[in-house]
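Enquirer: So you can see what is in the structure, the chains are spelled out below.
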Amino acid sequence: MRAETREVIKPDVVEAEEGAVSASNLVHTYLGSQNPALEVKTFSISEGEAVLIAGKSGSGKSTLVNCINGVIPHIFPGDSEIGEQVKNGMISGDVSVYEHAVRSTPLATLSTVVGTLLQDPETQVLNYKAEEEVAFGPENLCLPRDEIIERVNEAVEIAGIRHLLDRETYTLSGGELQRVALAAVIAMRPRILIFDEPTSNIDPEGTEAIFEFLKKIKGKSMIIVEHKLERILPFVDRIVLVDDGKIVFNVKKEDLMDNLDTLLKAGVEVPDYFVHAREMNLRTAELSLVTKELKRRGIKLHTPERKISSTQVMTAKAKVSSGEKVLVDAEITVGQGELVALMGRNGAGKSTFLKSVMGFVDKQLNSAIYLNVSGVDLSRAGIQKRGKYVAFVPQAFDLTLIQKNVEAEVSYSLRKRGEKDWKSRTEAMLEIFDLKEVRERDPLTLSMGQRRRVAMAGALSSGARVVMLDEPTSGQDFHNREMLAGEIDRLRQLGYSFLVVTHDSRFVYRHADRLIILSDGKKVLDATPDTGFRDSGEYGIPPPSDYLLRA
Amino acid sequence: MEIISIVYVNAVSWFLALFGILLPILLIFRAIGLTGFQEVTRFERGRSFYYRLNPATKIALGLVVTTICAITIWWIGLIVTVLLLATYANLNNGKRKLALGLYLTFATAIGSMWTLAPYTPYSILDTAFHTTVLRPIWTWPSYFGIMGYQPNLTLQGIYYGFQVATRFTAVILSALILVMTSTPSEILRTLSKLKVPIPLTFALIVAMRTIPRVFDAISISFNVQLMRGLGANANSLTRVFYYIPGAIGAIIPVMVYLLRGAKNIAISADTRAFRAFPTRTYMYDISFSRSDYTMIGIMIAGLALSLIAILLGFGRTIGYQGF
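Read top to bottom, the protein sequences are chains A and B. Count along the first sequence starting at 1, add 556, and that's the number in my numbering. Count along the second sequence starting at 1, add 3, and that's the number in my numbering.
Source of the hints: derived by calculation from the structure; they are not laboratory data. We treat Cβ as the ideally placed atom computed from N, Cα and C, and that holds for glycine. Worth double-checking, as some hints may not be accurate.
What the hints assert, rightly or not - Among the chain B residues that face chain A by a calculated CB cut under 7 Å, a handful are: (1) T38; (2) G148; (3) V217; (4) D219; (5) S224; (6) V227; (7) N236; (8) L261; (9) G264; (10) A279; (11) P281.
Just chain A, with the same shape it has in the complex (with noise of 0.2 Å):
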């Protein structure tokens, strides 16, 4: 019935009334590659329309933005069609950004028109005084110094950053660190904003600023690529789904719904709500409402199994200070085949309590470990011997890739330890992680699911059955996440247990045992997550709506 009543906008018809942007006939193809990665017939965006960029990673999302802010073709060139004849028989192509032609016009005049936010804030961060940063562009636009500082200060106002002004840009959080990098682009007064995955780095307060920014803004011309669709529908009022280098449906808002089959085909996060709202074919996925009319039918909703063991595997406790200074100072236990979840905010103190049990903490900083697993006391072992029983994954997993080749990778541990038995060990661990095919390729070269299972599984052939993930679902997509998941399911099944940090409400609710939250490096929650995300809101952790819309 709602089909007949809405107009669900067929692929690349959406027209911009005034245009902030249009392309058409776009065809990219990145050097060295067979295929484009990108295909776009015609896409435009209206003036003071915000438009959301959905699709897995590696769909394609990057390319388009990048197509429309110049970094395309003007920093890699690839083998873009944009404003040239013909590939495949296909018709001469064409991006403009308010009137400007993107292949022709300088990428420095471009950027006082396009602003572009980047996910990782660590890497576009270029200063070391957080003042310098948003004083960078305007610096070399060669503006005159009062304009600069009127500029500095206006976006330093707008982003709310202030009080981080004199602060040493390495001394900031990841979320005040992306607020930074948001005034620097805010101060080259661009027309439209790109988002780049602005929060997927980041934890759920700095994921907060970004969002109150976002309403802040509402009417300005935007592109938002983002996998947090729920908490970012409210910003937008078109949804494009880019699947395979295609754009697969570009959508008002208020046609998503009928639109959810396509987009969870397509990898894309949507929360349960939206689904439960389109089963009850309510016309607005709004929590409360979704909430209400499930009570209202009597809809009892499966809550996530957790399994709480009886036997604790690990027990560790950390006490790690700087100076006068305590970094953490807590104790966790996880029972045997459990998967769980250490939260908290930026500085917590989670990364260190990891990197404390195993021995990495720098020798500047203080620390006294008590470290049990499976009966034996570690607490005085060195890192090889701890490696044998804990394995440790940490965020950035591809700096552990040293190896020629996967097999050279995953026996790594085991020769080195002289183990006898290595090559049939070997052989366990690449079919437990579905490596044998891939066992002569680099693993630096393969796909970025297949290069984690990689330093999985050479952390864990040491013979570790306790694993320590570091922020493993940061910058991950539904997708990336959910196959996490499922390969943590399975080492479950296979009697390892899990102690993962990670700033992801939802996929604790989705998979943990047990919540931990750390708040100034203490201790401050454990509980299952069904009743952990009662209080959690209290340590800057939002319960995710999976689990509000059981409560």
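Use these hints to put chain B onto chain A, whose structure you have.
Expert: Chain B only, in chain A's frame:
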């Protein structure tokens, strides 16, 4: 007896060969630590003398120190090293910086000495020390020969290595002062005023921003290798030997990691109009203060004293006097 002698010769030979490599690495990993390296390679806000100086003055300091060390006798380089090291106490968190500077100087000196001592040709040692009689300390077995050159350790070789090291240490300490007390933006401003092309200065800026991250990345990669069993069967004495393969193993993944990040750096800079014009304007002007004039005075005095030293025969020439 012969077997004992063979074992002894080989054991001592390997110990001496590896001493100059392992001791600096041990110092770097154990005493300085990777966070220590981060501290001496990144900017930290401060109020003392060096922080008040114009970056141009600090660049000039580096050049003057290099010049003095290059044109004068080795012990003047040593004096400059000691003086510069002493001024580290005046930096922010001075005691720690002084200790880090001391370890770094020691590691550099040992590394430089051991690189030069066995491989400096006798003809140079003869000329430098006005003698044809060198005092041998150790002769390595023939299999230590490299491309036909047979290394031998002599007392004069060690002296010579130490003399050269005193020049490196002073230059490194002066360069680190610039890095620790100036932001990349300040240096960019200064070099831009000196008409250095912006793309060249940008390379410096990116390096300044990236180097502290390199240490962090190496630390993770190295520790994970230990966790995975590198040196697991070694005892506490021989474990240090595994630092070398650990550091080598970290090179490729760290480079790949940094190159992936470099893409973002390029996008971040260029989408904010970097290189839009051959020059830039600045929010804050950098001016010369009284501290700069004081430092310039000290540098001029240093150069003048060097010239006097050369006139007195303490110049840096082969066949020089003074040792």
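Enquirer: Which hints, by number, does the structure contradict?
Expert: Result: hints 2, 3, 4, 8 and 11 break, sorted rising.
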